[in-house]
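Peer 1: Sequences listed follow chains P and Z, in order. Note that the working numbering gives residue 159 to position 159 of the first sequence, counting from 1, and the numbers run on in steps of one. Note that the working numbering gives residue 40 to position 40 of the second sequence, counting from 1, and the numbers run on in steps of one.
In short, the hints are calculated from the structure, not lab data. Incorrect hints may have been included.
One copy or two, it doesn't matter: identical chains are merged, so the pair holds either way.
[Stated by the list, open to error] The list that follows gives simulated cross-link-like pairs (lysine-lysine, DSSO-like), each with its CA atoms no further than 27 Å apart:
1. Lys-79 <-> Lys-127
2. Lys-7 <-> Lys-21
3. Lys-72 <-> Lys-21
4. Lys-127 <-> Lys-21
5. Lys-79 <-> Lys-51
6. Lys-87 <-> Lys-127
7. Lys-72 <-> Lys-123
8. Lys-140 <-> Lys-79
9. Lys-140 <-> Lys-21
10. Lys-185 <-> Lys-140
11. Lys-21 <-> Lys-185
12. Lys-67 <-> Lys-140
There are 2 protein chains.
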Amino acid sequence: MEGKTEKFPVIRIREEAREEKEDLVIRESPLTIFLNGQELVTLLCTPENLKNLAAGFLYNEGILQSKEEIEKIVLDEEKGIIWIEIKGNKDFVKRLMFKRLITSGCGKGATFYNAADKISSRKVVSKITVSSREILSLMKNMQQQSQLYRVTGGVHSAALCDNTDILIFSEDIGRHNAIDKIFGKCLLEGIQTDGRMIVTSGRVSSEILLKMAKRGIPVIISRSAPSNLAVNLARELGITLVGFARGRRINIYANDWRVSDKET
Amino acid sequence: MEGKTEKFPVIRIREEAREEKEDLVIRESPLTIFLNGQELVTLLCTPENLKNLAAGFLYNEGILQSKEEIEKIVLDEEKGIIWIEIKGNKDFVKRLMFKRLITSGCGKGATFYNAADKISSRKVVSKITVSSREILSLMKNMQQQSQLYRVTGGVHSAALCDNTDILIFSEDIGRHNAIDKIFGKCLLEGIQTDGRMIVTSGRVSSEILLKMAKRGIPVIISRSAPSNLAVNLARELGITLVGFARGRRINIYANDWRVSDKET
Chain P
1 MEGKTEKFPV IRIREEAREE KEDLVIRESP LTIFLNGQEL VTLLCTPENL
51 KNLAAGFLYN EGILQSKEEI EKIVLDEEKG IIWIEIKGNK DFVKRLMFKR
101 LITSGCGKGA TFYNAADKIS SRKVVSKITV SSREILSLMK NMQQQSQLYR
151 VTGGVHSAAL CDNTDILIFS EDIGRHNAID KIFGKCLLEG IQTDGRMIVT
201 SGRVSSEILL KMAKRGIPVI ISRSAPSNLA VNLARELGIT LVGFARGRRI
251 NIYANDWRVS DKET
Chain Z
1 MEGKTEKFPV IRIREEAREE KEDLVIRESP LTIFLNGQEL VTLLCTPENL
51 KNLAAGFLYN EGILQSKEEI EKIVLDEEKG IIWIEIKGNK DFVKRLMFKR
101 LITSGCGKGA TFYNAADKIS SRKVVSKITV SSREILSLMK NMQQQSQLYR
151 VTGGVHSAAL CDNTDILIFS EDIGRHNAID KIFGKCLLEG IQTDGRMIVT
201 SGRVSSEILL KMAKRGIPVI ISRSAPSNLA VNLARELGIT LVGFARGRRI
251 NIYANDWRVS DKET
């Protein structure tokens with residue numbers, strides 16, 4: 001918990017009885033990314049796995065394609081600054097980012113699903129299948145790992161999984177950050193994402209769905225609701241989209257053929 | 001519901017029994033804002049009250065200060081485009097926006113709380129008080145009004161309230177949009193925000209808290225968790241921050257003196 005929460009005195013009123021107690025609140029810290037010496041973006045995030053977050057952000061935004069392009073990553077945790085040097089034409093990156101920023105839903109969690117995204121989002125062809133039992137068991141495991149959620153109620157969690165196990169677990173104040181941290185770790189440590197599944201506590205919007213397509217994830221499982229744009233994209237891109245995975249029930253919104261009723 | 005949801009065939013598996021049914025999914029639509037002829041930003045949102053959303057976005061981002069600055073708003077709902085003409089130096093607006101975008105947490109719901117925000121966020125001095133009963137009753141009323149949530153599970157709701165009533169109710173796929181729609185309506189229709197309260201289903205991050213400060217809102221009530229940055233800002237800016245308002249319980253994180261145990 002240390003570093004990821006802050007303790008506050010809180011007044012709790014229950015049935016009109018007032019008591020003073022202490023409460024752990026999730027920490028929200030700015031992380032400013034400098035790309036090749038230029039200030040690029042400031043993310044508000046839970047201060048943990050910040051190299052993964054920055055790498056995952058650049059990877060998912062299409063600025064970074066492979067680990068080999070990274071020349072240096074220097075993190076100043078105290079100041080909340082990370083410097084990343086990457087190979088390639090810096091002007092191109094600048095122009096790209098400027099264009100994305102201007103045409104994107106900045107500050108409101110809303111990158112617009114544009115032509116470029118669509119082109120770079122290939123159809124996912126994996127033949128893996130998963131049972132509803134396995135889906136619910138993965139969701140349960142993820143929730144059990146989310147200590148920060150139990151203590152603060154203020155984070156989203158996400159996990160990269162195979163049929164039986166959680167391979168990478170991640171939590172963050174932002175549902176996008178939690179997923180970016182996973183893919184950043186995969187990029188930096190050479191962990192395969194193709195053909196693996198993502199489990200998330202958060203809603204599945206079009207942007208989340210497109211991240212799955214870019215990383216070759218054939219199955220996304222959420223505790224929450226999808227949007228219609230996410231459902232339509234999942235159908236188009238061959239991704240199995242499972243929502244409302246709670247208790248003993250799931251809803252399959254797209255490509256239900258991957259959910260078999262038999263154990264795999 | 002019409003226009004705000006899309007119907008899909010869904011496979012529901014419960015206790016390993018598979019059934020096909022229809023499900024209403026929340027609609028996520030792009031809205032591109034053109035400011036004085038220039039493409040500014042694309043928000044992904046629930047397609048309802050789009051003029052309020054666009055006006056509220058510009059208002060909360062500090063680009064627009066009053067209704068009088070607006071010369072024209074033209075909405076093409078079908079294309080998802082809104083054109084807004086405002087008075088004043090356009091180059092200044094462009095520079096301001098560019099700077100904000102570059103230094104802000106774009107696409108990830110993360111505008112960085114910077115010096116400029118802090119300066120424009122005056123301390124809220126309202127002397128209003130509210131009882132815990134009133135708080136819980138307002139939260140309950142808001143949830144009862146949220147038809148879209150009950151049907152789709154995929155939206156956030158927000159409301160501008162006085163001690164006893166909901167004055168403006170709003171829902172959207174994004175928690176920021178839901179709040180921007182409220183303040184946009186206030187701007188366009190000359191509705192006072194000073195000294196009134198906001199109730200929200202969403203988590204209270206620093207950005208949400210700063211929106212309260214800018215609009216002179218002395219009390220924010222959330223069903224969910226706050227972040228440490230939001231708690232610290234609320235204390236500094238004189239805002240009463242109530243979290244986890246559920247059932248018969250509330251937590252007060254800042255300025256608890258406004259929550260009286262007596263009815264007002």
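Peer 1: For each hint, tell me whether it holds in the structure or not.
Peer 2: Hint check results:
1. Neither within a single protomer nor between protomers do Lys-79 and Lys-127 lie at most 27 Å apart by alpha-carbon distance, with minima of 45 Å and 37 Å respectively.
2. Taking the shortest Cα distances, Lys-7 and Lys-21 sit within 27 Å of each other inside one copy (10 Å), while across copies they are farther apart (46 Å).
3. Neither within a single protomer nor between protomers do Lys-72 and Lys-21 lie at most 27 Å apart by alpha-carbon distance, with minima of 45 Å and 52 Å respectively.
4. In this assembly of identical chains, the alpha carbons of Lys-127 and Lys-21 lie at most 27 Å apart only when taken from different copies (25 Å versus 52 Å within one copy).
5. Taking CA atoms no more than 27 Å apart as the test, Lys-79 paired with Lys-51 passes inside one copy only; the shortest distance there is 14 Å, against 39 Å between copies.
6. With identical chains, the CA atoms of Lys-87 and Lys-127 are never at most 27 Å apart, being 35 Å at best within one copy and 57 Å at best between copies.
7. With identical chains, the CA atoms of Lys-72 and Lys-123 are never at most 27 Å apart, being 32 Å at best within one copy and 42 Å at best between copies.
8. For the identical chains of this complex, Lys-140 and Lys-79 are neighbours neither inside a copy (36 Å) nor across copies (41 Å), given an alpha-carbon limit of 27 Å.
9. Proximity of Lys-140 and Lys-21 under a CA criterion of 27 Å is satisfied inter-copy only: 25 Å between copies versus 30 Å inside one chain copy.
10. Taking the shortest alpha-carbon separations for Lys-185 and Lys-140, only the intra-copy value of 23 Å comes in at or below 27 Å, while the best inter-copy value is 42 Å.
11. In this assembly of identical chains, Lys-21 and Lys-185 lie within 27 Å of each other by CA distance neither inside one copy nor across copies; the values are 38 Å within and 38 Å between.
12. Neither within a single protomer nor between protomers do Lys-67 and Lys-140 lie at most 27 Å apart by alpha-carbon distance, with minima of 32 Å and 50 Å respectively.
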